[in-house]
Amino acid sequence: MIQMQQPKGIPAAYFNEREHQICVMARLIEDGKTYWVAGGGTPMASILLAKKLYAPNAVYVTEDGVLAPEPALPLDPIMTMVSSRASYRALQWGTMNSVGFHAQIGLMDYGILNTLQVDPYGNVNSTLLGDYKSGEFRRFGGPGGADSIASLCWRTILMTDHEKRKFVPRVDFISSPGFLDGTEGARERAGLPKDTGPYLVLTPWALFDYEERYLRLIGISPFVTMEQVLGEMNFRPKIAPQLITLEPPTEEELTILRTEIDPRGQVTITGDIGRWIQKREDGTYGPVEAEPEGRPNPNLPRSW
Amino acid sequence: MIQMQQPKGIPAAYFNEREHQICVMARLIEDGKTYWVAGGGTPMASILLAKKLYAPNAVYVTEDGVLAPEPALPLDPIMTMVSSRASYRALQWGTMNSVGFHAQIGLMDYGILNTLQVDPYGNVNSTLLGDYKSGEFRRFGGPGGADSIASLCWRTILMTDHEKRKFVPRVDFISSPGFLDGTEGARERAGLPKDTGPYLVLTPWALFDYEERYLRLIGISPFVTMEQVLGEMNFRPKIAPQLITLEPPTEEELTILRTEIDPRGQVTITGDIGRWIQKREDGTYGPVEAEPEGRPNPNLPRSW
Amino acid sequence: MVKELEILAEGEGEYHPVDPDGFRQWVRDHKKRALVPKLMSAKEAIERFVQDGDYLVYECNYLQRGPAALIREIIRQRKRNLWLGAKFTWVAAALLVEAGCVSKMDVGFFLFGPTVDRAVKEGRVKIYEYSNVVMTNRIKAGAMGIPFLPVRSFGGTDGFNYSGAKIIRDPYTGQPTVIVPALNPDVALIHVHQADVYGNARVFGTGISDVESALASKKVIISTEEIVDTEEIRHNPGLTAIPYYCVDAVVHLPFGAYPGEMAGRYASDVEHVVQVVGATMRGGLEVYLEKWVYGVEDHFDMLDRLVGWKRLQQLVQRATIKEGYLP
Amino acid sequence: MVKELEILAEGEGEYHPVDPDGFRQWVRDHKKRALVPKLMSAKEAIERFVQDGDYLVYECNYLQRGPAALIREIIRQRKRNLWLGAKFTWVAAALLVEAGCVSKMDVGFFLFGPTVDRAVKEGRVKIYEYSNVVMTNRIKAGAMGIPFLPVRSFGGTDGFNYSGAKIIRDPYTGQPTVIVPALNPDVALIHVHQADVYGNARVFGTGISDVESALASKKVIISTEEIVDTEEIRHNPGLTAIPYYCVDAVVHLPFGAYPGEMAGRYASDVEHVVQVVGATMRGGLEVYLEKWVYGVEDHFDMLDRLVGWKRLQQLVQRATIKEGYLP
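Chains A, B, C and D, in that order, give the protein sequences. Under the numbering used here, the residue at position 299 of the first sequence is numbered 325, and the numbers go up by one with no gaps. Under the numbering used here, the residue at position 241 of the second sequence is numbered 267, and the numbers go up by one with no gaps. Under the numbering used here, the residue at position 49 of the third sequence is numbered 243, and the numbers go up by one with no gaps. Under the numbering used here, the residue at position 142 of the fourth sequence is numbered 336, and the numbers go up by one with no gaps.
Extracted from the complex, chain A is given alone in its bound form (with noise of 0.2 Å):
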């Protein structure tokens, strides 16, 4: 059964959905652990999050290899990575070599990424959309450190938009390998280390682990359906017996994050931050009808 803390404090009114996965996010964050995290975005404003509430101990080290920073809040724009704000205070500088290193000695229990595509045996998509043969395809940037983060951690921790593009029965170019086909063993005779292999996969919908290494939907967000989970995905994920639901941001969450951690809104605000979440009078929640204005976009200030 998956670990999960408690939300600490009021439960939010309103929020978004990019936010309500953060917030769940964080409260999976397991206390003590290290978790080598794929460039900045969610991923990074989860662990940050979890450390500030629910995970003290977590160890936080960046793709390009700083070992526990606490990183000079906000970041700028773009500079998530290999800046010296963002490599603040760390207990090591490495390198992309020395962490990938130390992942390949077992040192990383988790990792946490981004995906453009997943299929249900967990396997990572950045590369393209498309036919790589025929060249038919929209190219993207590359797996980066999503690759080694996938083969090397014990556990990867995949975060991504529900929507029926993304989950596909098979992924159009395994960039990062989850388990491959799905046979047992598959991952150890391509040479991955052993006893790895994903982990889960949270949406804003909905939270997935794996049931003999296929993906398994085990909780919902309060604000959809199972009809809706099921009906943005291209495959049937098998279904846990009991779902969990994953609780709406409390008040204390979204002010940590919206202040301290993402200030500037480059993460919350700005970008694909799907819908506006209220509760409604009789406790359930559901998106708002119209889109409200949110906090100013938080453009360049002119002074930079």
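Because the hints were derived from the structure by calculation, they are not lab data. Keep in mind that this is a model prediction, so the values were computed, not measured. Some hints could be false.
Unchecked claim - Straight-line alpha carbon distances no greater than 30 Å define the calculated DSSO-like cross-link-like pairs of lysine-lysine that follow:
(1) Lys320(C) to Lys159(A)
(2) Lys226(D) to Lys34(A)
(3) Lys220(A) to Lys226(D)
(4) Lys485(D) to Lys298(D)
(5) Lys320(D) to Lys159(B)
(6) Lys516(C) to Lys504(C)
Keeping the supplied structure of chain A fixed, place chains B, C and D upon it in accordance with the hints.
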């Protein structure tokens, strides 16, 4: 043809065979090249003397990976490596691994080694005398860094004493590779880098190079005869058509060696320094009849 | 004794030829062991040490401590048919492709957009697939002078099939083990905090694989914020990240990482970076290159005319984190 | 697809088992990721983390920055059947053999003498042959989490035949290539200048392979001249040589390298070292051990009664070279 610097200064009238060997070696150092030098002792004394007199741009690299130090002389007894005085004013402090990799990519032009035994193919034994398999042997410390120096430098130079037991048809144990069985390509077949191998052997009495991977006498010291040289070898080397005379030390060389590099006589007074040689009235050189007192044996100062 | 050792799978990608002995011979014949001053202009360094067709590595360009000025000079000199080691490269890959400098890329990660998309679709650029760590491991193997390195990642991916990797049965454990080919690039571009005129270089803060790249590459161009005396280097040999004898050129380029950050010295020019990132992702790089590369004489001209002292001073003032970035 | 890849030659030496997955599992289950204080006495650290039969690595003992006090504690606790990684070991190998602690040695280099000679002849100690670099390369492979590493040395030696090395035909170049088995020691003993209570450790000056040993070993005992606050570590993350999460015990042992040197802090006690080197080469180590190891309660008792403050102060005064050894 071997390049050797003309001795600087007035020929000395009085010196020992160890001093002679070091001074000749110093004149053989090629300017502007890297020298990966095993341990302290005669190889280190030679490169340091060369840098002061003949090859100011030769680069001294210690066995343990210190790049171009300017050692704080004199060094403490035993502390000729890995000490703060030995590593002083380097351009980079490395490790055994880093210097090994620098050598492996071809950055080390020359290696200088001592050896217990050497054979006609330049194979080096520093492990044992006797028969390994039967267990009938006298054991020594092992190759240390010598194997890597002999494998990875472009050219390997051996310094050893001129004694019958040192020059044997086949070393009892190949600790560090020469030309192995002497056939063409033997090193490459064993996985060693192309175009590397033994280059010179220098004793107090004689200088050798290799002709078709077999030891060849090319120089003789003025205080020994060809018969003596060959008489103290357990095999017959090839002999070059023209033999060089290994000019005796100059006063200038000896002054630097005795007062700057080895003022405590750790290399040139104590231990096996060979015979004392004098210039006779007829201009020839020969061993002194009665061994002189020399400088007082530099026992450790009481104040330490 | 001849035993069999199976090769279980092989990628089909073309890879930069593996030749440790050839690299050793290059090092023997071209890397200067003596302390010879190597100070020269960016123009001269790129002219002398970057040839059409070379395999090029660099990292973190327009992020932090990237060799931004050197890359712009490559574009200005219109080098052709470069093979990029595209790991942690961000916008530089697209800039180089837009300028027509690139024909092949080994990809770990780069910021994608229409420029590269078009080039790939039209067959002008061929891509081979790796990951950031596999790429830095390949460079590590090159820096160690060995032909390949076992890795515990990359197996089972589709990238493997379009790479130079293989799966062998490890002769020690009997387990399937991925090996990747060593990479000895032709050229490494590295921007550092301090260097002496011989190339002994100090780096403060993090890096991706710059030390390994310096050792692995046939030609190494260092650009530096500051030239320090060799006496200063000798006062703390523990700070030397890159030793002079693998360096071919030293270029004194203050603000050489601009518009990226130089940790401890100046912040990123965020507006500039956001602009070029936007152009990379949505188009418009030709306009960017016209203004910032072709339209200026050199790095100093660019800083003087297009950025200006006041702006540079602001960036310096914004670099408020100093801990660990001073010798 | 199954292709053949030849194994051309193999050494016959027993070698510490190669098991990267097993090492990973040890790391997962035993290495603490949280910042947990690990400060303890030498006695406790050796009791808890050194078991009879363990494979032990250390370096430069009685030379510079060797873990001298920790090794004396191992002898005092009369550990048995240790397998030594005997590279750059100097007198410690003989001390440990004299004390009956050792049954196997992988040799790079050690100072030889009658003690080891007798033990080998009588079959109490078995020796396997390597070189210093091959040994540090094996540890490097262990620190990288891979089963083996190609090396360009060691081939053609007789040592190869009594080792765990092999020659394979490199699948990239077709050339014969030596590979050596990764080494993941059971225990690493490492003496450092500064560490915090969690094990984040700083080393100033040179080393042989201590950082690699810390990463490659199942149990890592750090002894340190000085405990520093973790705040101090965070102020300069570039100085951290060994990260806390591979460290199991931190022992505060001022003069822990005595009678060896600690660069920048104290000089070698030359008379003491000359004495023990003499005993190693000519006999008499039992007398040495009686006085300096068995005859004292612990390191502090030894320093207090047998060395004394005045002598220690002299050694501190003789450490006149500071450049590069201060944070």
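Hint by hint, here is what the structure shows:
1. Lys320(C) to Lys159(A): 13 Å, holds
2. Lys226(D) to Lys34(A): 27 Å, holds
3. Lys220(A) to Lys226(D): 20 Å, holds
4. Lys485(D) to Lys298(D): Satisfied, since the Cα-Cα distance of roughly 26 Å is no more than 30 Å.
5. Lys320(D) to Lys159(B): 13 Å, holds
6. Lys516(C) to Lys504(C): 21 Å, holds
When held up to the earlier numbered hints, the structure conflicts with none and fits them all.
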